[in-house]
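Chemist: Below are the chains, spelled out letter by letter.
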Amino acid sequence: GIQVEQSPPDLILQEGANSTLRCNFSDSVNNLQWFHQNPWGQLINLFYIPSGTKQNGRLSATTVATERYSLLYISSSQTTDSGVYFCAPVGRGGSNYKLTFGKGTLLTVNP
Amino acid sequence: GAVVSQHPSRVICKSGTSVKIECRSLDFQATTMFWYRQFPKKSLMLMATSNEGSKATYEQGVEKDKFLINHASLTLSTLTVTSAHPEDSSFYICSAVPGLVSYNEQFFGPGTRLTVL
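Here the protein sequences come in this chain order: A and B. FYI, in the numbering used here the residues of the first sequence are 1 to 111. FYI, in the numbering used here the residues of the second sequence are 1 to 117.
Just so you know, these hints were derived from the structure itself, not from any lab. Note that the structure is a prediction, hence the values are computed from the model and not measured. Be a bit skeptical, because a hint or two may be false.
As a list, the in silico BS3-like pairs of lysine-lysine whose alpha-carbon atoms are at most 27 Å apart [unchecked claim]:
(1) K98(A) with K55(B)
(2) K55(B) with K41(B)
(3) K14(B) with K98(A)
(4) K103(A) with K64(B)
(5) K14(B) with K66(B)
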């Protein structure tokens, strides 16, 4: 199956700082989603982005499918951005429609 | 839109009992739902794929007789943990996919925290 690597595993920021989270994957993808898991465990959909660039407020994401990576940008970070960020692609081919989650990036934003 | 609910949010049970967890898509129909398990400070692990009107597909290493899945309608899937033991304690999360194409965007429920004493 598809392999997913996220970096960095941990990130500590001061409020107001910008950051870039990276997701590398080992195979072609039909779909790729970015999630934020809040302290209560809820997974919040950030982006559905198999290719290209999308923006939503202070967050934006870019997936370069041909080079097998995706980036999540967080600008002007806030304490409420703290939590774990997961990248999860769906590999192509056969019945491979399942999301494969990376290990996540634990983001801590300090006031 | 695209809201998924789970019930209960938290359950504590005695070893040997069975526990049922419900996953509902509130504002869309879902032919396909997924069940995940997450251990503390770990990633999500897919347990099974639930398809309306057919048997669930389990991932390798997941005991189908212990984790019974029923996708009875286009808005409801249930996971029953049978004869639960302390090692089954975990955070269980479901997701649902709107529409018929299984690699559409998945939307997740809030999770159910199971503690087996």
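Chemist: Now tell me if each hint is right for this structure.
Modeler: Hint check results:
1. K98(A) with K55(B): holds (17 Å)
2. K55(B) with K41(B): Cα-Cα ~31 Å, so violated.
3. K14(B) with K98(A): violated (33 Å)
4. K103(A) with K64(B): holds (25 Å)
5. K14(B) with K66(B): Measuring from Cα to Cα gives roughly 16 Å; hence the hint holds.
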